[in-house]
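Trainee: Sequence:
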Amino acid sequence: MARSPSATATHQNDRARAANWVLRQASPSETFTPPAPGTMMEHDPEWLLAIRHPGHGSVLLAERDPRQLPIYVHDGALSFVLGGMALRRIEIRRHVLTGNLPDWSQDDLTAVLGELRGHLDRRGVVFLIGVVEGEPLWQALQSAELRRHYHVLQSGETDTRRLADLPGTFDAYLGSLPRKARQDIRRSERRFSEHFGQSARLDVFSRPEEITAFLDTVEPVSARTYQSRLLGLGVKRGHWIERMLQAAAERGYARCYGLFVDQKLVAWRVGFVFQGTYFSHHIGYDPDWSEWHPGIVLQARTLQDLCSLSPTIQRVDMLHGDNAAKRKLSNQSRREGKFYLFPRNVRGTLLYTSLGSFNRLSDTLSALAARLKFKDRIRRVLRRV
Numbered sequence: 001m002a003r004s005p006s007a008t009a010t011h012q013n014d015r016a017r018a019a020n021w022v023l024r025q026a027s028p029s030e031t032f033t034p035p036a037p038g039t040m041m042e043h044d045p046e047w048l049l050a051i052r053h054p055g056h057g058s059v060l061l062a063e064r065d066p067r068q069l070p071i072y073v074h075d076g077a078l079s080f081v082l083g084g085m086a087l088r089r090i091e092i093r094r095h096v097l098t099g100n101l102p103d104w105s106q107d108d109l110t111a112v113l114g115e116l117r118g119h120l121d122r123r124g125v126v127f128l129i130g131v132v133e134g135e136p137l138w139q140a141l142q143s144a145e146l147r148r149h150y151h152v153l154q155s156g157e158t159d160t161r162r163l164a165d166l167p168g169t170f171d172a173y174l175g176s177l178p179r180k181a182r183q184d185i186r187r188s189e190r191r192f193s194e195h196f197g198q199s200a201r202l203d204v205f206s207r208p209e210e211i212t213a214f215l216d217t218v219e220p221v222s223a224r225t226y227q228s229r230l231l232g233l234g235v236k237r238g239h240w241i242e243r244m245l246q247a248a249a250e251r252g253y254a255r256c257y258g259l260f261v262d263q264k265l266v267a268w269r270v271g272f273v274f275q276g277t278y279f280s281h282h283i284g285y286d287p288d289w290s291e292w293h294p295g296i297v298l299q300a301r302t303l304q305d306l307c308s309l310s311p312t313i314q315r316v317d318m319l320h321g322d323n324a325a326k327r328k329l330s331n332q333s334r335r336e337g338k339f340y341l342f343p344r345n346v347r348g349t350l351l352y353t354s355l356g357s358f359n360r361l362s363d364t365l366s367a368l369a370a371r372l373k374f375k376d377r378i379r380r381v382l383r384r385v
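So for the sequence shown, our numbering puts the first residue at 1; every next one is plus one.
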């Protein structure tokens, strides 16, 4: 059906207004528009400035009064990974925009990304993370206007992000879970409590001096985990996670937990409270205690604590990546993807073509290895190393 002249004019006016976005570098000395409730931490310019890498991190601010949208800029690399081994790395300047922007229009987001194209240097690429399936940013990636500026390449598969809405009491939260998940959680908690009783305790760490003690306690245990030894995802002093935790503690955002038995740390959780959401950043446990399911026990006890803080905390965001524990403990979810935007120039086109081709080859070989069960065998060997 043909669009009426008045509707066409309105759409053109909307696009013209959307085009009036300005990008500039943000400064720690300025005051920013307060973030809206439910906002992601990465949508707060002050937070990004506080945690930026001291050597090469900066924040660009897309601005059109009164709205602001920050983009975190840092040096990085594109890794060509096959079988868990990086065969080649290409240095880039990554411009990161976090999704979950349901209240933004597709035209505004397309205009912001179009304006960003002019700020990319020779190494510059755009990385979109947490792009919710079907939201305006997801739709903008399909637009002809955006694809005039960029090649769009999805990084990995569309994934499920798990969340837990907290109804006010822990019993009400448990009641929101499927029956089997509820039974598994209670069984793990009961078994742990019956065996360790009063010798087990849950400690909370939130102030700057407490965060220092927390890191000192967690680091030697984290170093023995599979995630730390093989994936580099452990908790350690002098690491970027310390920078994040200290910045969060200074602003009243930090809330970390330690599960102890007879003064021995058996599990821990790193997280941040921001705009009514607890962002669960990292969970780990002592591998020597795996038979007692300390990760599940820790999560159950921390969720009970977070429920007690209602209505200050209304939701737990389990962040990127899905696993069995998150599925068991969540009562909400959404589908998300990550995307690289490569400028439509010679270098950008070469990167887009080579990385896309390599990823397709890697996915094919990975699927073959999965069918032959090579990956499970290798994983079992690596966990014993």
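It should be emphasised that the hints constitute simulated quantities derived from the structure, not laboratory data. A hint or two may mislead.
Claimed, not checked - Subject to a maximum C-alpha distance of 30 Å in a straight line, what follows is the list of computed BS3-like cross-link-like pairs (lysine-lysine): (1) K326 x K338; (2) K328 x K338; (3) K328 x K180; (4) K264 x K236.
Quick caveat, the model's predicted, so the values are computed rather than measured.
Trainee: Confirm or reject each hint.
Mentor: Cross-check of the supplied hints:
1. K326 x K338: 20 Å, holds
2. K328 x K338: Holds, because 24 Å separates the two Cα atoms, which is no more than 30 Å.
3. K328 x K180: 9 Å, holds
4. K264 x K236: Holds: K264 and K236 sit about 18 Å apart, inside 30 Å.
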